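Participant: Spelled out, the chains give:
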Amino acid sequence: MTLDVLYFAWLRERIGVPRERVESRAETVRDLVAELAARDDWHAAALADLSAVRVAVDQRLADMDASLAGAREVAFFPPMTGG
Amino acid sequence: MTLDVLYFAWLRERIGVPRERVESRAETVRDLVAELAARDDWHAAALADLSAVRVAVDQRLADMDASLAGAREVAFFPPMTGG
Amino acid sequence: MRVLVQSDPFDAAALLSGFGAGAGAVVTFTGLVRGDGGLVALELEHYPGMTEAALSDHARAAARRFALTDVLVVHRFGRIELGAPIMMVATAAPHRRAAFDGADFLMDWLKSRAPFWKREIGADGPGGWVAAKDADEDALSRW
Amino acid sequence: MRVLVQSDPFDAAALLSGFGAGAGAVVTFTGLVRGDGGLVALELEHYPGMTEAALSDHARAAARRFALTDVLVVHRFGRIELGAPIMMVATAAPHRRAAFDGADFLMDWLKSRAPFWKREIGADGPGGWVAAKDADEDALSRW
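Respectively, the protein sequence lines represent chains A, B, C and D. With the numbering used here applied, the first sequence closes on residue 91, and no number is skipped along the way. With the numbering used here applied, the second sequence closes on residue 91, and no number is skipped along the way. With the numbering used here applied, the third sequence closes on residue 145, and no number is skipped along the way. With the numbering used here applied, the fourth sequence closes on residue 145, and no number is skipped along the way.
Just chain A, with the same shape it has in the complex (with noise of 0.2 Å):
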C-alpha cells in the first residue's frame, strides 16, 4: 500500500523532510517503524527511543500496535505542547 507519512517537530528535522510517500507492506504502525528505521540512519535515530514519539493515523491519535487497513496517513511526533 502507499502511505503519506509526515514528521513535525525535531522528529521532522532529524528525518530530514515534513513528508514523504511510502510503499509499505507494514500491518501496524509498529510495522511501519521497522520498515522506517530501515531505510538509514536518520530514520534509525529518529525513531530508535519510541517512548518519546507519538503517532497519528489518518489524523487520529493511535498507539504503535494500530493497524494501518485502510489507511492513507500516518504522523510521527514527539508528545504535543499546545496550550
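These aren't lab readings, by the way, just hints derived from the structure by calculation. Warning: the hint list may mix true and false statements.
[Stated by the list, open to error] If the Cβ cut is set under 7 Å, some of the chain D residues that face chain A in the computed set are:
| # | residue |
| --- | --- |
| 1 | G33 |
| 2 | E47 |
| 3 | G51 |
| 4 | M52 |
| 5 | A134 |
[As the list claims (entries may be wrong)] Stretches of chain A that chain D covers, calculated by requiring three or more beta carbons in the stretch to come under 8 Å of a beta carbon on chain D:
| # | stretch |
| --- | --- |
| 6 | 11-17 |
| 7 | 61-73 |
| 8 | 77-87 |
From a predicted model like this one, the values you see are computed outputs, not experimental measurements. Even for Gly, the Cβ is constructed at its ideal location relative to N, Cα and C.
Mind docking chains B, C and D on chain A? Use the hints.
Facilitator: Structure of chains B, C and D alone, referenced to chain A:
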C-alpha cells in the same frame, strides 16, 4: 455607647429603615440583638431567626458572640448572594 | 491589583487591556443575569465601604495564596438587565493551575462572603430576594 | 461553538462579543508567551487538518460532558512574540462550576493532546523544542 446600626436587604425592609443610631449597653452582638428586638414588633420579627441573619461589626464579618467593645457600626443582613 | 465596585456597566475589554503583562496564564470569570422564570433584571444591594474593603482584602489573600501576579475584581450594584454582566474576576499567574484556582477561590468567596444581596425583578416589578444556596457555602469549605 | 486555528493574532474582545448570550457564567483562559531565560518568542508548529478536527471534536466533547451552552477555542501557530497570547478558550454555562470545569478540562486536553509543538526562540535564533511535562499528563488523568 452610641452605635450606628445598619440593615440590608429584607432586614432593611422589615425594620423599615436602612440605619439608625442607638444608645446601647450591649457587650456583645447578641446583647444588641436583644435590645433591638425589645424596641418594637418589627425589630423583633426581623431578628427572630438568627440563623438567617449575618452580622458585621465595623464592616468586618463577625458572629453573635463578638464583643462590641470600641465598636461604632454594626450591620445586620441576610446571607450574602454576590457573584 | 484592582477592585472596582460600581453601578455603571463595565468594559471588560478595556479593563483587561494590559492585564497580567508578563504572566503565562490569565483566567477570567464573568457572571451574567440569566433569564430564569420571567426575570427581567436583578437589583443588587451592597454595603458601601465594607464591600470595597472586603473585596480588596480578599483579592490580596487570593494573590498571596496562589502566587498570582495580578488580580482584578469588578462588581456592579443597582439594577442590572437580563443578559448583562454582573461582575468579573480576572487572575494572572505564571502557570494555568494557579490562575484557575485563584479565580475559582475568589468566586466561591464572592458568592457567599461579599456583602451583596440580589433581588429578582419581574415584569411586574420587584420580586423576592435571592436565597443563599447551601451549595455555595459548601463550595467555600473546599479551600 | 467556534474553533479557530490561525497564525495571525486574535482579537479576544471581538471573539467574545456576544459569546455565551443567555448563560449565567463565562470562563476564559488565555495562554501567553512568558519570558523565561532569555526567550524572545515561541515558534509553534502544528498538524494542519488534524489540529482543526481534533479541537472541534474536543470542544464538542467538553460541551456535552459539562452541559456547556457555548465553547470557543482559538489557537495560534507560527512565531508568537514575548507577552502575546498563544491561545484562548472560553466556556459558557448556566452556573459557574460547569464553566470552570469545562475550561479546565479543555486546557488539560490542549496541553498534551492537541497537535502543537512549541520551540523556544532566543536572541540568537531558534533554540530547543519545549519538552512535554509529566504534570500535564497527570493533569489530564483527573478527568
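Participant: Could you run down the list of hints and mark each one as holding or not?
Facilitator: For each hint, the structure was consulted:
| no. | hint | result |
| --- | --- | --- |
| 1 | G33 | 5 Å, holds |
| 2 | E47 | 6 Å, holds |
| 3 | G51 | 6 Å, holds |
| 4 | M52 | 4 Å, holds |
| 5 | A134 | 3 Å, holds |
| 6 | 11-17 | holds (count 3) |
| 7 | 61-73 | holds (count 4) |
| 8 | 77-87 | holds (count 4) |
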